[in-house]
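As they're listed, the protein sequences go chains G and C. Residues in the first sequence are numbered consecutively from 1, following the UniProt record's numbering. Residues in the second sequence are numbered consecutively from 1, following the UniProt record's numbering.
Computed spacing ranges between beta-carbons, pair by pair: (1) C:Glu78 / G:Gln107: 32 to 38 angstroms; (2) G:Lys90 / C:His198: 48 to 54 angstroms; (3) G:Lys90 / C:Ala177: 46 to 52 angstroms.
Worth flagging that the hints you see were computed from the coordinates, not collected in a lab. Every residue gets a Cβ at the ideal spot worked out from N, C-alpha and C, and that includes glycine.
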Amino acid sequence: MSRQRQEGCPVSAPPKLRIATVSLAGCFGCHMSLLDIDEHVFDLLQRVELDRSPLTDLKHCGPCDIGLVEGGVCNSENVHVLREFRAQCKTLVALGACAINGGLPAQRNHLDVGRCLSAVFQSRPGMDTAEVPDDPELPLPLDKVHPIHEVVRVDYFLPGCPPSGEAIWQFLSDLLAGRTPRVAYPILHFD
Amino acid sequence: MSRPEFLLDGVAVPFDEGQMILEAGRAAGRYIPHLCWHPDFPPHGSCKLCVVKVAGRHVSACATPARAGAEVESDTPEINAERRMLLQLLFVEGNHFCPACEKSGQCQLQAMAYDLEMTTPRFRHFYPDRPVDASHPEVLLDFNRCIYCELCVRASREQDGKSVFALTGRGIHKHLAVNAESGRLADTDFSADDKAAHICPVGVILKKRVGFAVPIGERTYDRAPLHTVAMPKSEDDA
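Bound-form chain C, shown alone:
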């Protein structure tokens, strides 16, 4: 009857056999930071924000199965410092000029930085130069904000059945591309109703003509921090 348990920051968390640390933690109401993980998809393991320490090793909580009796450290100065550095790397890799970004206040990357008290990107900026794709009548793409979580790629392939997006290139030259001969979004069957149009955690995929519609103070992460918003809604709320 009793389920196996592991310790997450000293608190017993029950889990089902085969369940990952991140999922078991969520089910028990314990938040572990994540950007590329999404409940509708298998683990991706690219953002590394869900890093936790198990038996002296740093592992991705989204892809590491829970084990009975394991001692997992997540919300510690050491692990949070590593997460902050990963965030800083993401910030200097792109052009994250929040003051002019339509996603500001609704952006998971930004909200994560607030949660982890990141005050500076610290490293040298790359300032990438990737042209905006405004060809589609309903949706705009700003590739300079992409964090390569592949959620749009996965959503378009697995849920919309369209395979509109792909990651291409290697190393620092990796970037998001549109799967059309012309490379333009307008030349795909992409629609603003697609799952892929709504899944971007940052400000890459934006609906046209609705920018800055939510007043400051009422945006998602103005109202509540990411570690609250990212948790599953309890049945009382539904």
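Okay, chain G solo, but in the shape it has when bound:
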């Protein structure tokens, strides 16, 4: 980004789109899959600037054209970050199974969250005196894991656990070119 500001945009070049990415209750696997576009990363960076992302140092999401959200919503901080993304991004994309239906983390939904925490932090062998962390700095978990569309409006869904690099590149290429992305066989997978 800073490089572009220093050198200035060539007159003929179209303005770059801004993309933000985030992992909520994700495993960063969708971001790894994003990097699996390999040398297309260079093509991508010709056409976009990255805003807030695990790949940049920006702390908050500014006005963006596209937001890619990985992971479901499992705690209060996820809710705040997701709302910020929705407020700032013209197009919000649910990336991967977790953002779409809660994913495997949502398998905790049939358990009581308090008992989950005490099972892990209090009653594990060797942690007899430990307690459930209660510093206000830590975000409280929600009682259930939710898909992101249950919290904010979502424009596009790209399924997969994770979506393949090929799928992500095809999807982003469509979006960047102004086409409605079509997620069809063979890039459509839920697993």
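Using the hints provided, position chain C relative to the given structure of chain G.
For chain C alone, coordinates are given in the frame of chain G:
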């Protein structure tokens, strides 16, 4: 000599008197989506995926007899959108976490979603909580993936003669149950060789200790889409 015909998406399909639209279509090589219909059993009519439009009305192709001269719409944006919504309802009713399901890639519900380009379940999730039944030595039951097609119920009752399964409860509380006083599969005469053990279109009835045996890329619906796999094999293939 000439058989009566109806039009399926504008193509003439011959049929025998009394034959249902779905069956006549299949016999003529025209696929109509379906989940609860099975060639070995009478129509069930619960999944509604075979919905088609005849004379302005939406009907189940599996249970509607073909009529000469009828104009049937199946593969249209309107009908496929209705099917996609039905699929989305099925997905939010259960816990369909495909990434950890042993049936992924071999599951008719999932393959149907691929066929109809369903990218999201869209509705609010129910996240049902029905305990797994792992009591049987050979077979595991995960009730949270059931789509109530009743194929296992019908197969166990009509072909195995055991009546191991039943649907019970009403409305959203309807669920698959095991027909034993204890409710446990181990307390029935169910066997992994039963027809009912192999007929589940989704990941409810699973054989133990054989999970994830087929490499990704070689699973049923990796190789061919559902609308191809679900069609009867031609005699050349046999």
